[in-house]
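Student: Here is how the chains run, residue by residue.
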Amino acid sequence: MTDTLSLHMICAPSEDVVAREIEGEIVIVPLASGIGDGEDELYSLNETGQAIWKHLDGARTLGAVVDALAQEFDAPRTELEADVLGFAGEMVRRGILVAKDDSR
Amino acid sequence: MTADNSSFVRANGELRVTNRVQLELMRGVLERGVPFRFEALGFSMTPFIQHGDILTVAPLAPRVGDVIAFVQPDTARLAVHRVIATNNGVVIARGDNCLEADAIIPRANVLGIVTRVERDGRTVGLGLGAERRLIAWLNAREWLAPLKQLFYLPLRPAGAVLRRLQRLPRFRAWIKRFRPTVTIEEASVRDLIEVHARLNPGGDAMPRPQMPGVTNYVAKHANQLLGFVQLVRHPKEHFPYVGDWLFSLAVWGRYRGMGVGETLTQRVIAQASAEGAPELFLNVYADNCPALDLYRKLGFERVMLPVLEEEFIAEGQRNGRRRVTLRKRLSVNSHRTIDDG
Numbered sequence: 001m002t003d004t005l006s007l008h009m010i011c012a013p014s015e016d017v018v019a020r021e022i023e024g025e026i027v028i029v030p031l032a033s034g035i036g037d038g039e040d041e042l043y044s045l046n047e048t049g050q051a052i053w054k055h056l057d058g059a060r061t062l063g064a065v066v067d068a069l070a071q072e073f074d075a076p077r078t079e080l081e082a083d084v085l086g087f088a089g090e091m092v093r094r095g096i097l098v099a100k101d102d103s104r
Numbered sequence: 001m002t003a004d005n006s007s008f009v010r011a012n013g014e015l016r017v018t019n020r021v022q023l024e025l026m027r028g029v030l031e032r033g034v035p036f037r038f039e040a041l042g043f044s045m046t047p048f049i050q051h052g053d054i055l056t057v058a059p060l061a062p063r064v065g066d067v068i069a070f071v072q073p074d075t076a077r078l079a080v081h082r083v084i085a086t087n088n089g090v091v092i093a094r095g096d097n098c099l100e101a102d103a104i105i106p107r108a109n110v111l112g113i114v115t116r117v118e119r120d121g122r123t124v125g126l127g128l129g130a131e132r133r134l135i136a137w138l139n140a141r142e143w144l145a146p147l148k149q150l151f152y153l154p155l156r157p158a159g160a161v162l163r164r165l166q167r168l169p170r171f172r173a174w175i176k177r178f179r180p181t182v183t184i185e186e187a188s189v190r191d192l193i194e195v196h197a198r199l200n201p202g203g204d205a206m207p208r209p210q211m212p213g214v215t216n217y218v219a220k221h222a223n224q225l226l227g228f229v230q231l232v233r234h235p236k237e238h239f240p241y242v243g244d245w246l247f248s249l250a251v252w253g254r255y256r257g258m259g260v261g262e263t264l265t266q267r268v269i270a271q272a273s274a275e276g277a278p279e280l281f282l283n284v285y286a287d288n289c290p291a292l293d294l295y296r297k298l299g300f301e302r303v304m305l306p307v308l309e310e311e312f313i314a315e316g317q318r319n320g321r322r323r324v325t326l327r328k329r330l331s332v333n334s335h336r337t338i339d340d341g
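If you read the protein sequences in the order shown, they are chains S and P.
When the first sequence is numbered by the numbering used here, its final residue is 104 and no position is left out of the sequence of numbers.
When the second sequence is numbered by the numbering used here, its final residue is 341 and no position is left out of the sequence of numbers.
It is possible that some hints are incorrect.
[What the hints assert, rightly or not] Computed cross-link-like contacts, DMTMM-like style, restricted to lysine to aspartate or glutamate with a CA-CA straight-line distance of at most 25 angstroms: (1) K220(P) to E315(P); (2) K54(S) to E24(P); (3) K54(S) to E41(S); (4) K100(S) to E15(S); (5) K54(S) to E31(P); (6) K220(P) to D40(S); (7) K297(P) to E185(P); (8) K220(P) to E39(S); (9) K220(P) to E262(P); (10) K176(P) to D293(P); (11) K220(P) to E142(P); (12) K54(S) to D67(S).
Simulated from the structure, these hints should not be mistaken for laboratory data.
Keep in mind the model is a prediction, meaning the values are calculated, not measured.
Can you make the complete structure from the sequences, with help from the hints?
Tutor: Structure, rendered in structure tokens:
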């Protein structure tokens with residue numbers, strides 16, 4: 001599924017995770033096994049991951065996320081696209097994000 | 001903004017799971033109606049819940065006897081204590097090992113109740129079953145603490161015998177040969193909570209925030225804490241405490257006489273030497289013969305720092321017990337023989 005991600009798609013946090021912004025960190029707990037396990041797999045995002053995560057509102061396409069990031073960061077668009085697709089791909093693979101095609 | 005490697009997730013272990021992180025995650029997870037599992041730190045529920053136990057908290061309504069996870073109204077910190085009374089939408093809780101009940105806890109501050117305790121990979125039932133109501137009842141009437149003391153009474157003679165043995169040179173030489181492997185490492189947040197609780201029984205639940213220039217070391221055997229020491233680098237403004245000082249050397253009772261204190265002290269000497277400190281100071285009670293013997297053996301000598309000396313003389317007159325200051329001169333290369341040898 002991840003290799004089919006494109007900038008037309010929308011990604012949103014999965015129902016099976018809880019994500020909280022705490023002391024400047026975004027910390028994510030998976031609920032997959034019917035329990036939020038603070039002793040097992042906790043994810044915390046690095047700066048790049050955090051910057052992208054904040055724009056994943058379930059309404060914007062990944063392309064729109066790239067647009068928003070381009071306003072914030074002075075970086076080549078190709079680099080931003082690679083980061084956003086890379087991040088979304090990794091998070092979908094880990095079950096933290098779910099992707100859907102923007103069929104509108 | 002670049003991603004040098006393919007991962008956007010911080011490496012495992014980089015996240016510091018503080019009380020605040022635990023609280024926020026627990027709140028988020030329980031709001032979804034899902035139980036939350038986490039490590040309990042502290043001693044307020046000993047012996048039913050112990051430092052380092054893994055607890056599961058479920059979003060259930062609290063009743064008397066239940067162990068609840070809640071937000072302390074005065075500190076806004078996450079705490080785990082037992083309900084001893086409920087009334088009109090508020091809860092009164094108290095740690096099984098606490099001298100007093102908590103302030104009144106609004107129902108909205110209660111996150112959920114503890115449904116499972118795991119220790120060393122196994123589920124522990126005692127304290128959560130039908131007996132939980134009895135424990136709450138006893139604790140509400142101040143009977144739990146005397147009962148616990150009664151329970152530990154048979155251990156007292158054994159402790160006295162051990163303390164006598166620990167003073168015998170022959171026992172010390174023998175036990176050193178058989179002592180478990182001791183590693184010295186920098187203390188984690190979890191270690192500091194345990195050290196603080198041991199050094200301040202009945203005091204504040206949490207250690208004070210860390211001062212700059214302090215390195216905390218713990219002696220461990222297989223995750224078990226045996227002792228503690230601090231290296232404090234004082235700036236000029238801290239006069240009369242200036243330069244490198246060794247503080248708070250402590251070895252828990254049953255591990256004394258095995259050379260743990262010596263290993264901890266050597267670690268501090270090695271670190272101060274490696275950083276190029278010319279000397280290392282410490283204060284010790286003048287009647288603490290085992291400690292004085294240890295420090296002299298490691299090359300510490302009595303010195304008089306005028307301001308401290310005055311303070312300690314006054315202390316002696318007040319309490320009948322005074323401290324003295326010792327100093328070890330460090331050669332810059334001495335750490336090589338210890339670190340690399």
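Student: State for each hint whether it applies.
Tutor: Here is how each hint holds up against the structure:
1. K220(P) to E315(P): violated (34 angstroms)
2. K54(S) to E24(P): At roughly 18 angstroms apart (the allowed maximum being 25 angstroms), E24(P) and K54(S) satisfy the hint.
3. K54(S) to E41(S): Roughly 21 angstroms between the alpha carbons, so the hint for K54(S) and E41(S) holds.
4. K100(S) to E15(S): holds (14 angstroms)
5. K54(S) to E31(P): holds (21 angstroms)
6. K220(P) to D40(S): Answer holds: K220(P) to D40(S) is near 24 angstroms, not above 25 angstroms.
7. K297(P) to E185(P): holds (23 angstroms)
8. K220(P) to E39(S): holds (22 angstroms)
9. K220(P) to E262(P): holds (14 angstroms)
10. K176(P) to D293(P): Roughly 17 angstroms separates the two Cα atoms, so the pair holds.
11. K220(P) to E142(P): violated (35 angstroms)
12. K54(S) to D67(S): holds (13 angstroms)
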